[in-house]
Amino acid sequence: MRKILVLLMLTMVAPVMAQEGKLPPPNAEAAKYPLVTRSSVLERAVNDVIRPAFQNFKDKTDAMTVAMDGLCVAPSSPNLDDAKLAFADVVDAYSRVEFFTIGPLGRDNRAERIFFWPDRKGIGLRQVQQVLAQEDETATTPDGLTSKSVAVQGLGALEFVLYGTGNDTLTSTDGDFRCRFGLAISKSLANIGSELVVDWMASDGIATHLMEPREDYADYRTKIEALEELVGFMSHGMEAIRDTRLLPFIGREGAPKPRLAPFWRSGLTMAAVQANIEGLQTLFEKSQIADAVGPTDMGLRASVEFEFANAFRAVDLVSLPVDQAVTRSKQMSALNYLVIVTQSLQTVFGEQLSAALSLSVGFSALDGD
Amino acid sequence: MWQRRAFLRAAGVGFVASLLPAQTEALDRADLVLAAAVQTSAGKYGAALVSERGEVVSKLTLPDRGHDIVFSPSGARGVVFARQPGTFAVVFDPAGSVAPVTLTSPEGRHFYGHGVFSPDGRLLYATESDFEAAKGVIGIYDATDDYRRIGEMPTYGTGPHELLLMGDGQTLVIANGGIETHPDYGRAELNLDTMDPSVVFVDRTSGELIGQVRLATGLHQLSIRHMAIDGRQRVWFGCQYKGEMADRPQLIGYATRDGEIKLVELPGDLLADMRNYIGSVAVSADGEMIGVSSPVGNLVVAISAETGRPSVIETVRNGCGLAPQGAGFIASSGDGALRGFAGATQADQAFEFGFDNHLAVLA
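Protein chains in written order, with full-length UniProt numbering: chain A, 1 to 369; chain B, 1 to 363.
Okay, chain A solo, but in the shape it has when bound (with noise of 0.2 Å):
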């Protein structure tokens, strides 16, 4: 009986699978290249490449609070090195997931609460220094930041406590203040990440509603429309390293600016790059995304990761701190090519992938205006 009940559901399973595509390939040679459904990008964008990417920064922002932490009960170089590396690992962490923008982070000012940028006008500076000099109580619990302006709340500024003017205090008791203004940044960023996560993970949330979109979701109704959200991350987010990381310091005519790349006192700018640039290749590669085309468009991927070598070897030519870097001549021709390699980028996603995977999305629309 038991064995009759298996063979019944088996057969009643496989028929469904099959319409997903996830039965195994009928022979070798098919095996290895399983078959790739709109369904398996979605699935794999959010459990293997979004999911991941918001838990690592929830992860690191936890580490960061530990070093913050064990910096203000006993400060020294060490421990201020220690919480150093750990701010490293949160803008690495961030960079990954920065610009999948719907939802849980662009709700409550969350984005700008992490990392308030492009500063065009040095706000953040401006407040953070105010908030030392005038050793601002409110500011050292996550609590009270979270009533104050975004710009002191988050990467910016938790950079200036451990890289600005005066962070030598950190290595003593003379910066008690300025070490739990930077601890209380550390949490408030931990929340975020916690809240970051838990929206990720609900089970009614938006990564059922872009793996399973439905007629009745008013965010992802269609699988298309859950697509197009997917090469928006990807054109969008090239586009955005371009125009708010690279091009404001390269300088678009005139003398380059280098005060104005992000992450300019932690000499990070270009890791930060490097892992924006990593986290879009990462989308791109285990969503398997390209598979999910015709066969006549089937060499886009290798288009595509030829452009992403092109990049990483572009940032790996540019080895100095940002201010030095623009003054040297191969290292400016590096931050320039990434500039036109991002651009070819943004049209490959935007354009090429997009129609070959007959997504709605048209130049009109692309970007809106």
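Hints are computed from structural coordinates only; laboratory data are not their basis.
There could be a bad hint or two in this list.
Said to hold, decoys possible - Derived pair list, reagent style DSSO-like, types lysine-lysine, alpha-carbon separation capped at 30 Å:
1) K135/B with K257/A
2) K148/A with K242/B
3) K223/A with K121/A
4) K262/B with K242/B
5) K44/B with K242/B
6) K135/B with K148/A
7) K257/A with K121/A
8) K121/A with K135/B
9) K223/A with K148/A
10) K286/A with K330/A
11) K135/B with K242/B
12) K242/B with K121/A
13) K121/A with K148/A
14) K330/A with K257/A
15) K135/B with K262/B
16) K223/A with K242/B
17) K59/B with K44/B
Said to hold, decoys possible - Every beta carbon over 10 Å from chain B, so not counted as near; a handful from chain A, in silico:
18) E43
19) P52
20) N109
21) T146
22) D176
23) A202
24) L247
25) R313
26) K330
27) N336
All residues carry an ideal CB built from backbone N, CA and C; glycine is no exception.
Use these hints to put chain B onto chain A, whose structure you have.
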């Protein structure tokens, strides 16, 4: 500065507008001439005049992506504006007998892609950004003096987009989208948390603010972008929502010089199809119908100005540009299609280039 130099280099490519005999014939034969910024191939941009019969009357090469086209009241000149944050505008002769003139916005300003002529055709007004101050301005250009920029006035907001002239010939109405951008950061939106969109009425002679209306608190991320004026001088507007995709705010409304502002209640399923994005707004020739488009949702809709209810909903893939024809509208698409709907007589036409967001009629 950076864009001016980039543009001057690109402008060396030159513009070609003079008509060949066959094109002159096409122009003579056409009952209706439409104009739009176009994308000829990936990364290549221009503007085109086409007839309702599907003929290309003339084409203009542009150094970068254009946006809207406006014609002088006599139809003797057209102006295509660069898409924001571009710094060029090209004034051309639709008949091709006069060489095009290229304008550049002054230092510290860029265009937003829209403009309007004064009723006598002597002045051209353009929405621009004073980007260091993050304030909108209206640039004033003298058409009788080689389009020399003779002044500017405020839009009383940030991120102005479309501007129109009211029926009195004196009042300019401007949609302040509320979004701050800066050329240093491309098209990145810098103030999504503090946006403040509005519709403003400004006296075009004095520059004085006549009226300013805003949507209810809580709708500050509803960017008011495109407009059309109906037969009763109500200013219909279409919005683009910058908040969460899961939100479903109303997207179409109207404002009046008297200070009224109202969003019309569109059904939920239509709103869902519009995907929080309206690309253009037009009014029918009789002033009774409002046409709106959503290129993201691939649809165009005709709404009764009387009742505020949608009467025709049509699928047009990448459809965005709208121009009045008869009782209805012609829609243009990013895929190169023209299609009439809601009572227009336009037959479907297809072109080799993609139409950008707006479609203008040469009177």
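Status of the hints after comparison with the structure:
no.: 1; hint: K135/B with K257/A; verdict: holds, 24 Å
no.: 2; hint: K148/A with K242/B; verdict: holds, 23 Å
no.: 3; hint: K223/A with K121/A; verdict: violated, 41 Å
no.: 4; hint: K262/B with K242/B; verdict: holds, 19 Å
no.: 5; hint: K44/B with K242/B; verdict: holds, 29 Å
no.: 6; hint: K135/B with K148/A; verdict: holds, 25 Å
no.: 7; hint: K257/A with K121/A; verdict: holds, 14 Å
no.: 8; hint: K121/A with K135/B; verdict: holds, 14 Å
no.: 9; hint: K223/A with K148/A; verdict: violated, 40 Å
no.: 10; hint: K286/A with K330/A; verdict: violated, 33 Å
no.: 11; hint: K135/B with K242/B; verdict: holds, 19 Å
no.: 12; hint: K242/B with K121/A; verdict: holds, 22 Å
no.: 13; hint: K121/A with K148/A; verdict: holds, 17 Å
no.: 14; hint: K330/A with K257/A; verdict: holds, 17 Å
no.: 15; hint: K135/B with K262/B; verdict: holds, 25 Å
no.: 16; hint: K223/A with K242/B; verdict: holds, 22 Å
no.: 17; hint: K59/B with K44/B; verdict: holds, 13 Å
no.: 18; hint: E43; verdict: holds, 20 Å
no.: 19; hint: P52; verdict: holds, 23 Å
no.: 20; hint: N109; verdict: violated, 5 Å
no.: 21; hint: T146; verdict: holds, 14 Å
no.: 22; hint: D176; verdict: holds, 32 Å
no.: 23; hint: A202; verdict: holds, 13 Å
no.: 24; hint: L247; verdict: violated, 7 Å
no.: 25; hint: R313; verdict: holds, 24 Å
no.: 26; hint: K330; verdict: holds, 23 Å
no.: 27; hint: N336; verdict: holds, 14 Å
Hints 3, 9, 10, 20, 24, counting from the list given before, are not met by this structure.
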